[in-house]
Amino acid sequence: PCKVTGRCGSVLERLIRAPRGTGVVSAPVPKKLPMMASIDLCYTSARGCTDTLGNFARATFDAISKTYSSLTPDLWTETVFTKNSLTLLSRPTPEFLCRGPGSSCGHHIILYKKNKISLPLTKCLKRSV
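For the sequence shown, our numbering assigns the number 1 to the initial residue and increments by one for each residue that follows.
For the record, the hints were derived by calculation from the structure and aren't laboratory data. A virtual CB, placed ideally from N, CA and C, is assigned to each residue, including glycine. Careful: at least some of the hints might be erroneous.
Under the rule of at most 30 Å between Cα atoms (straight-line distance), these lysine-lysine pairs were calculated in the BS3-like manner [as the list claims (entries may be wrong)]:
1) Lys3 <-> Lys32
2) Lys31 <-> Lys83
3) Lys3 <-> Lys31
4) Lys3 <-> Lys83
5) Lys32 <-> Lys66
Label pairs and their computed distance ranges (CB to CB) [as the list claims (entries may be wrong)]:
6) Asp40 <-> Ser10: 15 to 21 Å
7) Gly9 <-> Thr77: 16 to 22 Å
8) Leu41 <-> Leu71: 20 to 26 Å
9) Thr52 <-> Pro19: 28 to 34 Å
10) Thr79 <-> Gly54: 36 to 42 Å
11) Arg20 <-> Ser69: 24 to 30 Å
12) Thr82 <-> Gly21: 23 to 29 Å
13) Ala27 <-> Trp76: 34 to 40 Å
14) Arg7 <-> Thr82: 33 to 39 Å
15) Thr79 <-> Cys2: 24 to 30 Å
16) Leu41 <-> Ser65: 16 to 22 Å
17) Ala27 <-> Thr79: 41 to 47 Å
18) Pro19 <-> Thr77: 23 to 29 Å
Given these sequences and hints, build the entire structure.
Structural data, given as structure tokens:
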């Protein structure tokens, strides 16, 4: 990858791919970790309290370990989308019937589906034919 970020404590370190012939541009202690991981070309940028070498080295290790966790398309899981009840009610199908209790105002309309009450509504859903 081009840019990865590792973090430990207050130290935030970013590894960036460098052009050929540059080598590893880093402080002396964290410079050894990319060289051990056979990373030959990278710039590093660090923020935070880098005086604590334990956190500085751990942030470098965290950034290097993120380069091994790439997700390729063959590892993607298939997403199954389901329709929620609001989507189903916004476009009624012929199996839905809209009936009123006999009042002409239409405020107490109930939605029936296969002779079972599904949901009370305030507006009448017209039957699409």
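Comparing the hints with the structure gives:
Pair hint Lys3 plus Lys32 holds up; C-alpha atoms about 19 Å apart against a cutoff of 30 Å. Between the alpha carbons of Lys31 and Lys83 the distance comes to roughly 52 Å, so the proposed pair goes past 30 Å and is violated. In summary, the hint linking Lys3 to Lys31 is supported, as the alpha carbons are separated by about 17 Å, within the 30 Å threshold. Proximity of Lys3 to Lys83 is assessed by CA-CA distance (about 38 Å); at most 30 Å being required, the pair is judged violated.
Distance check on the hinted pair: Lys32 and Lys66 sit about 17 Å apart at the alpha-carbon level, within 30 Å; holds. Evaluation of the 15 to 21 Å hint for Asp40 and Ser10 yields a failure: the beta carbon distance comes to about 29 Å. As the Cβ distance of Gly9 to Thr77 is approximately 34 Å, the hint placing it in 16 to 22 Å is violated. The hint said 20 to 26 Å for the Cβ distance between Leu41 and Leu71, and at roughly 23 Å that hint holds.
Between Thr52 and Pro19 the beta carbons are some 31 Å apart, a value that agrees with the proposed interval 28 to 34 Å. Taken as a hint, the range 36 to 42 Å holds for the pair Thr79 and Gly54, whose Cβ atoms sit roughly 41 Å apart. Taking 24 to 30 Å as the suggested C-beta distance range, the pair Arg20 and Ser69 conforms, at roughly 26 Å. A beta carbon spacing of about 54 Å between Thr82 and Gly21 contradicts the range 23 to 29 Å that was offered as a hint.
Look at Ala27 against Trp76: about 37 Å separates their beta carbons, and that is inside 34 to 40 Å. A hinted range of 33 to 39 Å for the beta carbons of Arg7 and Thr82 is consistent with their spacing of about 36 Å. For the pair Thr79 and Cys2, the supplied restraint of 24 to 30 Å holds, since their beta-carbon distance comes to about 27 Å. The hint said 16 to 22 Å for the Cβ distance between Leu41 and Ser65, and at roughly 18 Å that hint holds.
Against the hinted window of 41 to 47 Å, the Cβ-Cβ separation of Ala27 and Thr79 comes to about 43 Å, which satisfies the hint. Against the hinted window of 23 to 29 Å, the Cβ-Cβ separation of Pro19 and Thr77 comes to about 37 Å, which falls outside the hint.
When the structure is compared with the earlier hints, violations turn up for hints 2, 4, 6, 7, 12 and 18 and for no others.
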